[in-house]
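Since the structure of chain Y is already known, use the hints to place chain D on it.
If you read the sequences in order, they're chains Y and D.
No gaps in the numbering here: position 376 of the first sequence is 376 in the numbering used here, and each next residue is one more.
No gaps in the numbering here: position 141 of the second sequence is 141 in the numbering used here, and each next residue is one more.
You may find that some hints are simply not true.
Simulated restraints on C-beta separations [unchecked claim]:
| id | chain 1 | residue 1 | chain 2 | residue 2 | range |
| --- | --- | --- | --- | --- | --- |
| 1 | Y | Met325 | D | Ile54 | 25 to 35 Å |
| 2 | D | Ala18 | Y | Lys559 | 22 to 32 Å |
| 3 | D | Asn167 | Y | Glu28 | 32 to 42 Å |
| 4 | Y | Val537 | D | Leu160 | 29 to 39 Å |
Output of the computed footprint for chain D on chain Y, the stretches with three or more beta carbons under 8 Å from beta carbons of chain D [stated by the list, open to error]:
| id | segment |
| --- | --- |
| 5 | 190 to 201 |
| 6 | 228 to 234 |
| 7 | 248 to 260 |
When the alpha-carbon atoms are kept at most 25 Å apart in a straight line, the in silico SDA-like pairs for lysine to any residue are as follows [to be verified]:
| id | chain 1 | residue 1 | chain 2 | residue 2 |
| --- | --- | --- | --- | --- |
| 8 | Y | Lys559 | Y | Ser299 |
| 9 | D | Lys59 | Y | Thr251 |
| 10 | Y | Lys209 | D | Ser16 |
Please keep in mind that the hints were generated in silico from the structure rather than gathered at the bench.
Ideal placement from N, C-alpha and C gives every residue a C-beta, glycine not left out.
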Amino acid sequence: MAGSIDHEIALGTADDLASLPILGKLHEWVVTVDHKRLGIMYITGGLFFFLVAGLQAATIRLQLAMPDAGIVPPQVFNRLLTMHGTAMVFLVGMPILTGFFNYLVPLMIGARDLAFPRLNAFGFWLWFFGAFLLYFSYIGGDGLYGAGSAPDVGWFAYAPLTELPFSRGNSTDYWILSIFLTSIGTTATAINIIASAFCMRCEGMTLSKMPVLVWLAIVVAFMMLVALPPLSAAQAMLLLDRFLGAHFFDTQAGGSAILWQHFFWIFGHPEVYILVIPAFAFASEIIPVFSRKVIFGYSVMVAASCAIGFISLSVWAHHMFAVGMTPAGNSFFALSTMLVGVPTGIKIFNWLGTIWGGKLRFKVPMLFSLGFLFQFLIAGLTGIMLAVAPFDWQLTDTYFVVAHFHYVLIGAIIFMDFAAVYYWFPKATGRMLSETLGKWHFWLFLIGFHLTFDTLHFAGLRGMPRRIYTYQPGRGLDTLNLIASIGALVQGVAVLILVINVLRSLRSGDSAGNDPWDAWTLEWSTASPPPEYNFAVSPIVRSRRPLWDLKHPEDPDWKYE
Amino acid sequence: MAAVPTTVSAAGTPWSQALPRRGRVGILALILTESTFFSIFVVAYIFYLGESLIGPFPKDVLSPPILNTICLLSSSVTIVLAVRALRAGSIRTFAIWWFITFALGLEFLTGTALEWRRLIYHEGLTIRTNLFGTTYYSLVGLHALHVTVGLLLILLVMVLTMCGYMNDRHVERTDVLSWYWHFVDAVWVVVFLTVYVIGR
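Just chain D, with the same shape it has in the complex:
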């Protein structure tokens, strides 16, 4: 009877290339579960629209953060350009686009911070004021938390680039990170529509 029910399969056969890459499948699975997490907060936001017993109300204090939105959405374009440059082997171009991505993300986070500061100190809206405050800060805050995590990861890659560790072997990993960043941007579209368009 044969010893092992198998024969040796040489590395790099068509079979192993036909299977999807585990990093991509992994990040897609993470995005699926994160989407569900966000959707519960979005549902809670919509469920409690107009249920606040006391003010301030959304239409009094909210104004759509257009500049922030443009910055965040365009960072999705710049991160694609960065990965494309890395794939082409141009580390310098990659570093530039990557830095611009980071700067755009940081601008978004600063914008959110300034908005919160205005709401808290000038409009008197905190998480315990009313249901609007409760759902607004938790939904926008959850998104801002994800932006922060993304920015930390982008910063990590930036530091590695400056130390000269980046090369075209890292294309797939930066690509996977960019998928997460696209997800954060896509969630912002939903949050923006929910909070600043439908909810106002």
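Isolated chain Y (complex conformation):
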């Protein structure tokens, strides 16, 4: 039968665990260096913090649902805002993408594990400790001065606001140290991915025969290596300022008030692409399988991703148009920002070209991918609008910007994360997620998302500043904010359905088999879940779709590539 590939080879001891007592099982997970388990731990951790930071966002929306609401005091609001932003980037976006790359890259290149398995475990536990530390600040952040609990300086923590005189207590130190640790963990993963993709590919898999996802993993890993150190370095400087009395960001000693902004955004803008390129990677694997066509323009796709990687390193100051740079500076960063839209547009056309004329199957992963395509296009268009410096002067730090980047972070990234969960969950667990619940999840999330973030664009156009904890009635913001908050509630219900779906499937989901989607990359050739050694024998590939070649020996891909 096409679509299921049986293994003759006994796939070993995956069930040995069932006989262990609970502590034994836990111990197995703690000491593991297996890329699949670490991947699952990353993704589970990321989804856990997605719920936590999502609840914080819900509280923010509750406070803003009506004017002059007194749900939370201003200080608590600032902490919610800071923790929501920081957690969603470093504790949700990053671990979910490193988790998927951890899980998929070795399987897709036909390797047994990543190049440095122990380094991989080290990276995960650093991330885990950093994540713990960030939320521990709620208890431990009081510090010597008794001021504040969790960090309340915003996710970009602008110095000199974060200097000691303005940010007493230890809450900011928790922000610095926890993010510093997660960055080191991420760097370890990046080194691992690069070494694995270049050194561990199975026989026949030349660079041009790698799945698109692996290519994009390489691009992301390089960006992590180049973009994370500026943040870590700036955090080290801030720590020196706060603890040893150095003057990096101390304006009274001649230090600069905007140097932090530069260092932060040299990290911060590439970070957006670090988060979104994995979404491109998932789309480039899922859309072809559900369109029953090869990816349109493989080499152009890879080249465009590399171009995005390079160009995105030189656009950071478009976050700083309002700071007051020179006209030349403004022009440069406006133009480079528009330039990055070109390779991004090329990718959109590639996905459309893949769908065009395909035999579409509207399963849940495909539905989320189509939502992603549409929303990412809108997000890109508002991005081009904000790249125009005078337009940005008008709308900077309003809800228009908030709506724009949530369109990228949720409309594109979270949508593709969900698609990837539905697509690879059967591989990781051996069980299918329910299509019915999945469709409920998709439609409710889609409706909730548009209710919230479409309206927030207009709140921004009407001048609602970001980060305010309340607003006065009668400014034309009441209805828009109420609709946005209702949308947040709908999104919350949708995410709850995902949680129920996952728990239900783990207990009693349909058996997935090796290859439920009739897909083409190597991970579907092994058992679900794959044995610890992944492949009983090292695969040999001849084309970009090794499983197609196997299923269609009369018409293999390698004849045409």
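Chain D only, in chain Y's frame:
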């Protein structure tokens, strides 16, 4: 339908030899990320040149550490000679060159310590004195930290050698360590030019 989409590939086929070694790729990736980290501190140093409101200023108190620099840069040569000896199978020659590398690195670190002692106790320059102190101690200190890590790793290999564990199977690992050491030396060239040539 065939069971496994694959055939067995015997170990040591030309394919597995055609791919780069993971240790080398890994250390190159580490060097890339460390270079970015250093470059931010170098940028901060240059950005704050001449911005200090009070003294002491670089031209008053800094003198180029020529001997230190010669020692550190020549240690890059000795570590290459050491790895070459190991590759040729001569453990004794390896041990000698490796020890000289360690001694040269230690001399550099001592030199930095003495310079800091002079600056702190005689010139009154600390990290909180002015922007020059802030950027100088953090940049030179970051480099000294990397020298220290390198020296600890070199010491580890030295101990293993003395215990008789070294043989030609470790050529690649010592080679990877030597790449890190070259990186530390190359960073010193940048730091030296920034702090003692351009910044003075």
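Comparing the hints with the structure gives:
Restraint check, Met325(Y) to Ile54(D): a C-beta distance of roughly 29 Å satisfies the suggested window 25 to 35 Å. Range check, Ala18(D) to Lys559(Y): Cβ separation about 24 Å, and the 22 to 32 Å hint holds. Between Asn167(D) and Glu28(Y) the Cβ separation comes to about 35 Å, which falls inside the hinted range of 32 to 42 Å. At about 36 Å, the beta-carbon gap between Val537(Y) and Leu160(D) stays in the expected band of 29 to 39 Å.
Evaluation of the coverage hint for the segment 190 to 201 of chain Y: fulfilled, as 10 residues show C-beta separations to chain D shorter than 8 Å, against a requirement of three. Under the rule that three or more residues need a Cβ within less than 8 Å of chain D, the assignment of the segment 228 to 234 of chain Y holds, with 6 such residues. A count of 6 residues in the segment 248 to 260 of chain Y with a Cβ less than 8 Å from any Cβ of chain D is obtained; the coverage claim is therefore met, three being the minimum. This hinted pair checks out: Lys559(Y) and Ser299(Y) have alpha carbons roughly 17 Å apart, not beyond 25 Å.
Taken as a hint, the Lys59(D) and Thr251(Y) pair is honoured in the structure, with Cα atoms around 23 Å apart against an allowance of 25 Å. Simply put, Lys209(Y) and Ser16(D) have alpha-carbon atoms about 16 Å apart, close enough for the 25 Å limit, and the pair holds.
The structure meets every hint from the earlier list without exception.
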